[in-house]
Amino acid sequence: MRPFQFHSPSNAAEALQKHTKDQKTHYLGGGTNLIDLMKEDVERPDHLVEVADLPFKEISKTANGGLMLGATLNNTDTANHTDVRKNYPLLTMAMLSAATEQIRNMATNGGNILQRTRCPYYFETSMPCNKREPGSGCGALNGANGKSAIFGWSESCVATHPSDMCVALAALNAKVHVEKEDGSSRVIPFSEFHRLPGDQPEKDTTLEIGELITGIELPESQFPDHYYYYKVRERSSYAFALVSAAVGLKLSGNTITKAGLAIGKVAHKPWKLEKVEKFLAGKEATLENFEAAADLAFEDAQPLSKNAYKIELGKKTLVQALVRAAARS
Amino acid sequence: MKTKTTSGIGNPLSRLEGKLKVMGKAKYSSEFAFENLAFAQGIQSTIASGTITAIDTSEAEKQEGVLKIITYQNALELKGYNGRVESPSTKGISPSLQTPEVHFYGEYIGVVVAETFEQARYAANLIKVTYAENKHKINFEENLDSVYKPDKANGQPADTSWGDLEAGLQEAAAKIDVTYNTPIEHHHPMELHNIIAVWEGDKVTAYASTQMVENAVITIAETFQMPKENVRVITPYVGGGFGSKLQLREHATLGIMAAKMVDRPVQFTVTRHEMFTAIGFRQHNQQRMRLGADKDGNLIAVGHDTTSHTSFTEEFQETCGLMTRMLYKTPNSLVTHRLMKLNLPSPRWMRAPGEAPGSFALESAMDELAHELRMDPAELRIQNDTQKDPSNDKPFSSRQLVECIRIGAKKFDWKNKWNPKPGHTQKENWMVGYGMSASSRAAPYLKSSAEVTLKRDGETVTAVLKTDATDIGTGTYTILGQTVAETLNLDIEDVQVELGDSKFPVSPGSGGSWGAASFANGAREACINAINNLKTLASTDENLSIVELMQQADLTEHNAKGTAAPTEEFDDYSVYSFGANFCEVWVDKDTGMVRLEHFVNVASAGKILNPKTAYGQIIGGITWGLGQALTEHTEVEPNYGNFITRSFADYHVPVNLDLGKIDVVFVPEEDYIANPMGVKGIGELGITSIAAAIANAVFNATGKRVRDLPITPQKVVTTPVTA
Numbered sequence: 001m002r003p004f005q006f007h008s009p010s011n012a013a014e015a016l017q018k019h020t021k022d023q024k025t026h027y028l029g030g031g032t033n034l035i036d037l038m039k040e041d042v043e044r045p046d047h048l049v050e051v052a053d054l055p056f057k058e059i060s061k062t063a064n065g066g067l068m069l070g071a072t073l074n075n076t077d078t079a080n081h082t083d084v085r086k087n088y089p090l091l092t093m094a095m096l097s098a099a100t101e102q103i104r105n106m107a108t109n110g111g112n113i114l115q116r117t118r119c120p121y122y123f124e125t126s127m128p129c130n131k132r133e134p135g136s137g138c139g140a141l142n143g144a145n146g147k148s149a150i151f152g153w154s155e156s157c158v159a160t161h162p163s164d165m166c167v168a169l170a171a172l173n174a175k176v177h178v179e180k181e182d183g184s185s186r187v188i189p190f191s192e193f194h195r196l197p198g199d200q201p202e203k204d205t206t207l208e209i210g211e212l213i214t215g216i217e218l219p220e221s222q223f224p225d226h227y228y229y230y231k232v233r234e235r236s237s238y239a240f241a242l243v244s245a246a247v248g249l250k251l252s253g254n255t256i257t258k259a260g261l262a263i264g265k266v267a268h269k270p271w272k273l274e275k276v277e278k279f280l281a282g283k284e285a286t287l288e289n290f291e292a293a294a295d296l297a298f299e300d301a302q303p304l305s306k307n308a309y310k311i312e313l314g315k316k317t318l319v320q321a322l323v324r325a326a327a328r329s
Numbered sequence: 001m002k003t004k005t006t007s008g009i010g011n012p013l014s015r016l017e018g019k020l021k022v023m024g025k026a027k028y029s030s031e032f033a034f035e036n037l038a039f040a041q042g043i044q045s046t047i048a049s050g051t052i053t054a055i056d057t058s059e060a061e062k063q064e065g066v067l068k069i070i071t072y073q074n075a076l077e078l079k080g081y082n083g084r085v086e087s088p089s090t091k092g093i094s095p096s097l098q099t100p101e102v103h104f105y106g107e108y109i110g111v112v113v114a115e116t117f118e119q120a121r122y123a124a125n126l127i128k129v130t131y132a133e134n135k136h137k138i139n140f141e142e143n144l145d146s147v148y149k150p151d152k153a154n155g156q157p158a159d160t161s162w163g164d165l166e167a168g169l170q171e172a173a174a175k176i177d178v179t180y181n182t183p184i185e186h187h188h189p190m191e192l193h194n195i196i197a198v199w200e201g202d203k204v205t206a207y208a209s210t211q212m213v214e215n216a217v218i219t220i221a222e223t224f225q226m227p228k229e230n231v232r233v234i235t236p237y238v239g240g241g242f243g244s245k246l247q248l249r250e251h252a253t254l255g256i257m258a259a260k261m262v263d264r265p266v267q268f269t270v271t272r273h274e275m276f277t278a279i280g281f282r283q284h285n286q287q288r289m290r291l292g293a294d295k296d297g298n299l300i301a302v303g304h305d306t307t308s309h310t311s312f313t314e315e316f317q318e319t320c321g322l323m324t325r326m327l328y329k330t331p332n333s334l335v336t337h338r339l340m341k342l343n344l345p346s347p348r349w350m351r352a353p354g355e356a357p358g359s360f361a362l363e364s365a366m367d368e369l370a371h372e373l374r375m376d377p378a379e380l381r382i383q384n385d386t387q388k389d390p391s392n393d394k395p396f397s398s399r400q401l402v403e404c405i406r407i408g409a410k411k412f413d414w415k416n417k418w419n420p421k422p423g424h425t426q427k428e429n430w431m432v433g434y435g436m437s438a439s440s441r442a443a444p445y446l447k448s449s450a451e452v453t454l455k456r457d458g459e460t461v462t463a464v465l466k467t468d469a470t471d472i473g474t475g476t477y478t479i480l481g482q483t484v485a486e487t488l489n490l491d492i493e494d495v496q497v498e499l500g501d502s503k504f505p506v507s508p509g510s511g512g513s514w515g516a517a518s519f520a521n522g523a524r525e526a527c528i529n530a531i532n533n534l535k536t537l538a539s540t541d542e543n544l545s546i547v548e549l550m551q552q553a554d555l556t557e558h559n560a561k562g563t564a565a566p567t568e569e570f571d572d573y574s575v576y577s578f579g580a581n582f583c584e585v586w587v588d589k590d591t592g593m594v595r596l597e598h599f600v601n602v603a604s605a606g607k608i609l610n611p612k613t614a615y616g617q618i619i620g621g622i623t624w625g626l627g628q629a630l631t632e633h634t635e636v637e638p639n640y641g642n643f644i645t646r647s648f649a650d651y652h653v654p655v656n657l658d659l660g661k662i663d664v665v666f667v668p669e670e671d672y673i674a675n676p677m678g679v680k681g682i683g684e685l686g687i688t689s690i691a692a693a694i695a696n697a698v699f700n701a702t703g704k705r706v707r708d709l710p711i712t713p714q715k716v717v718t719t720p721v722t723a
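Those protein sequence lines, which keep their order, are chains A and B.
In terms of our numbering, the first sequence has 159 at position 159, counting the first letter as 1, and numbering is strictly consecutive.
In terms of our numbering, the second sequence has 78 at position 78, counting the first letter as 1, and numbering is strictly consecutive.
Bound conformation, chain A alone (with noise of 0.2 Å):
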């Protein structure tokens, strides 16, 4: 590991002065990414400042019925809250399915959804990879990339955003609540947060340099009765995502109201369907209409050399996350 200086705040204004506006600064929250990534050559910051003991580990309740979830609070703590497990159970279930109980009772809220991708290339510090070090190709593009994404990947970066809690974010459509160093703030939709890679994939994020998270904001009750995370994976526990289908439904009888639906482990960023929720919205909870939601879905995917298997498992996840999610009472 890199020589590198520690800091440790003790509110968010210093920890914001502590940054130095640059890419040599790394907030800390968990460290259970950033850390991995030092150790193996990946990340090199100079400056750490430390932000996971500051006091953002409330969740509380919106003005406007919502939920917002505190930055530093851990992964454990955020699943098991009483609040998001009544009105956001999708929530839940999608942070429960990831990594182990050690890494979630260590993991943060702001350092979930900043986590990097675990595309090997990037890992691997004598193979070229262009988020880690830009200009130097992106080697999954024609080497390994059967886990790579198939949706919005560009000639610089086929790589896929890992969370879990993230697609879920997505299909909840939540907010992300940042702070910047003159005391301002401001709120970024989660389907504007993450960032598809063009050609400048070393940014995961329209973060500006700086700028800190503070909470994710939950809009109203969001599928208390109607949700399914379904996460495929090579093993039952403890391991990330083939692919994945967060799917909230809201019905009237049989007829779906309102659809909330992401899937993971694709692309750049969690894939929100947007046109699949309108696709849904009316119509009966049957089948053939989550089939026929399934195809609008991938129909655009766009599969590398070795991932054309995600089209059709991707399918099957979601037509069954939606089947389950409906069959839910």
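Just so you know, these hints were derived from the structure itself, not from any lab.
For every residue, glycine included, the Cβ atom is placed at its ideal position computed from N, Cα and C.
Please note: incorrect hints may appear among the correct ones.
Simulated DEER-style distance windows between Cβ atoms [as the list claims (entries may be wrong)]: (1) A:Glu202 to B:Asp202: 51 to 59 Å; (2) B:Glu166 to A:Gln302: 43 to 51 Å; (3) B:Phe312 to A:Leu287: 15 to 23 Å; (4) B:Lys21 to A:Ala308: 43 to 51 Å.
With a Cα cut of at most 27 Å, we get these calculated DSS-like pairs of lysine-lysine [to be verified]: (5) B:Lys715 to A:Lys306; (6) B:Lys152 to B:Lys388; (7) B:Lys21 to B:Lys612; (8) B:Lys455 to B:Lys152; (9) B:Lys175 to A:Lys306; (10) B:Lys260 to B:Lys228; (11) A:Lys39 to B:Lys447; (12) B:Lys68 to B:Lys341; (13) B:Lys152 to B:Lys68; (14) B:Lys203 to A:Lys24; (15) B:Lys341 to A:Lys39; (16) B:Lys411 to B:Lys394; (17) B:Lys329 to B:Lys149; (18) B:Lys589 to A:Lys306; (19) B:Lys79 to B:Lys203; (20) B:Lys612 to B:Lys27; (21) A:Lys24 to B:Lys128; (22) A:Lys39 to A:Lys21; (23) B:Lys79 to A:Lys306; (24) B:Lys661 to B:Lys715; (25) B:Lys715 to B:Lys589; (26) B:Lys19 to B:Lys455; (27) A:Lys275 to A:Lys258; (28) B:Lys447 to B:Lys535; (29) B:Lys535 to B:Lys561; (30) A:Lys39 to B:Lys128; (31) B:Lys62 to B:Lys152; (32) B:Lys421 to B:Lys175; (33) B:Lys260 to B:Lys447; (34) B:Lys228 to A:Lys306; (35) A:Lys258 to A:Lys278; (36) A:Lys306 to A:Lys283; (37) B:Lys589 to A:Lys283.
Keeping the supplied structure of chain A fixed, place chain B upon it in accordance with the hints.
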């Protein structure tokens, strides 16, 4: 005279060292403390083939704590390598840093020694290496035309045949001709490979994580051209080996070399990432199976052709056809092994080398043949049983394969459950399938020595047993304690076992499933010698207790050595363990995720010294087999030739949740041809044919025959239904 306690052999005693391990007091090789200990970190090649043209160490050398940077330019010259890398003449250490040539991605090309591990690792990142690259050979499929027949396949003939395979296939009423692929797999014992090397004058002590102490001593002595007496190897506890620690690897050479060059004790612990390239692995095996049977299910042709890869520096071939040569009777047999050289690290022995991948091919093929014949696959195995080894016409010392199958079938309720039509049972989204397989594994028995020291204090005698054998998590401490307690008729509390030190009597080390049989018989010999000595010293023929004998001889201490070794009779027989597996899997009909619901393993493996530790071995074997079947797979990067599956996040071993209900049955067996105690190893029998049973169950559930392991969701989804 003391009555026998429940601490003798055959009792499910908990591990004698268990408490020490739980308390963190069992000292593994990396836990020996030395003042002045320095740390080594390897530098690895980042091309698959070529020559180093320049190494810039200037930035690294400036860093705090850096003591030495060793490359081929300043490494100690090692015996026999004279600037060219050849197949090593020693028993294991690879030629390290002797040339600028690079043979695979991840090869050690240097080592940084520093005051701390962190400093060494940081400095290693700052070293810049320039290469002249050669065109590399890394792709298995593209190099199939370069295969050759090796002189030997892991010490066995590469090819064997009898009868006429083609003629047998011609007349077969039912036949199959299919090809299976098993991928590159890695051992990954929980304890990382490690050495702490301490020189004192011209003597060196190596605290090394190794399965075989004597082998390690010889290797170090030969590599560093020093008398064997000047080398000591200490390894009291080993956190798993699975074959990867049979030999010392390059990190050991480099650690010993570095300690000499910096004149300080040096620790070299292989990182988890380096465990993919530095310590061996199981290579990709492509296996073509041709089976033919008459209409009643009698095998009349068995062909098994294996193609594997080795490296450019060493030749290693896994004998996948071993089991095919001896398991079933057939008038016509052809078993071949072929190799290609690739710019990948050298493959090595990995748990059940030969049987683990070979049994997947044979026992899947038997299932496919049973399907062709519309026959119960369990009955097909029983029908082709033989009490004579068809490969050499020797009788088996014992063979209870049919008993294993019948007992397993009964326990599993196979007759009622099994249905040949895939899709026969559905539970919600799951398709339920049943599968079975038969297994066998050689039960070797090797020369092994031990020393027992008896001390008497009044009415109490305590015994200390010493041998250089290792406990690699298998239970050696416990079974040897039980053997001594049984033979001397002492309480287990009065027996102490010391292992893993080259100053103790020589054993064959842990490997090849010969440990339990060899070590236990060696310990028993030492104890019998002690009793006989004491009878002489006490001038009695009576069967007195040890206390009485020592009292009568007026002794407070006695020391005896003993050596056990196979007799000539052993060679007149084929000595094997046998087993049968039955399982139930559930396969998600949409996503292809496979879940193991129930597994029944029946083993006929001689006298079970300790059912608890033996059960642990079988559970571990089933877990390994489950990983082989469903999750484990190391992928070669197609353009650069490195293992792109580079961490536990990419290389999936099974988790607890993957394991369903497991039942293990040990069939009573008395086989005193195998050895005087009738003990056979089970560590490798435990993994054999597990993957086949699971794959056969997946087929039975879905009608999909996935012939390339592992059976991942993506493969289940994309494999067509064929039944």
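Hint by hint, here is what the structure shows:
no.	hint	in the structure
1	A:Glu202 to B:Asp202: 51 to 59 Å	holds, 54 Å
2	B:Glu166 to A:Gln302: 43 to 51 Å	holds, 48 Å
3	B:Phe312 to A:Leu287: 15 to 23 Å	violated, 56 Å
4	B:Lys21 to A:Ala308: 43 to 51 Å	holds, 47 Å
5	B:Lys715 to A:Lys306	holds, 12 Å
6	B:Lys152 to B:Lys388	holds, 24 Å
7	B:Lys21 to B:Lys612	holds, 17 Å
8	B:Lys455 to B:Lys152	violated, 50 Å
9	B:Lys175 to A:Lys306	violated, 33 Å
10	B:Lys260 to B:Lys228	holds, 17 Å
11	A:Lys39 to B:Lys447	violated, 46 Å
12	B:Lys68 to B:Lys341	violated, 34 Å
13	B:Lys152 to B:Lys68	violated, 41 Å
14	B:Lys203 to A:Lys24	violated, 49 Å
15	B:Lys341 to A:Lys39	violated, 34 Å
16	B:Lys411 to B:Lys394	violated, 32 Å
17	B:Lys329 to B:Lys149	holds, 26 Å
18	B:Lys589 to A:Lys306	holds, 22 Å
19	B:Lys79 to B:Lys203	holds, 17 Å
20	B:Lys612 to B:Lys27	holds, 23 Å
21	A:Lys24 to B:Lys128	holds, 23 Å
22	A:Lys39 to A:Lys21	holds, 23 Å
23	B:Lys79 to A:Lys306	violated, 46 Å
24	B:Lys661 to B:Lys715	holds, 25 Å
25	B:Lys715 to B:Lys589	holds, 13 Å
26	B:Lys19 to B:Lys455	holds, 25 Å
27	A:Lys275 to A:Lys258	holds, 12 Å
28	B:Lys447 to B:Lys535	holds, 26 Å
29	B:Lys535 to B:Lys561	holds, 15 Å
30	A:Lys39 to B:Lys128	holds, 19 Å
31	B:Lys62 to B:Lys152	violated, 50 Å
32	B:Lys421 to B:Lys175	holds, 19 Å
33	B:Lys260 to B:Lys447	violated, 34 Å
34	B:Lys228 to A:Lys306	violated, 53 Å
35	A:Lys258 to A:Lys278	holds, 8 Å
36	A:Lys306 to A:Lys283	violated, 35 Å
37	B:Lys589 to A:Lys283	holds, 26 Å
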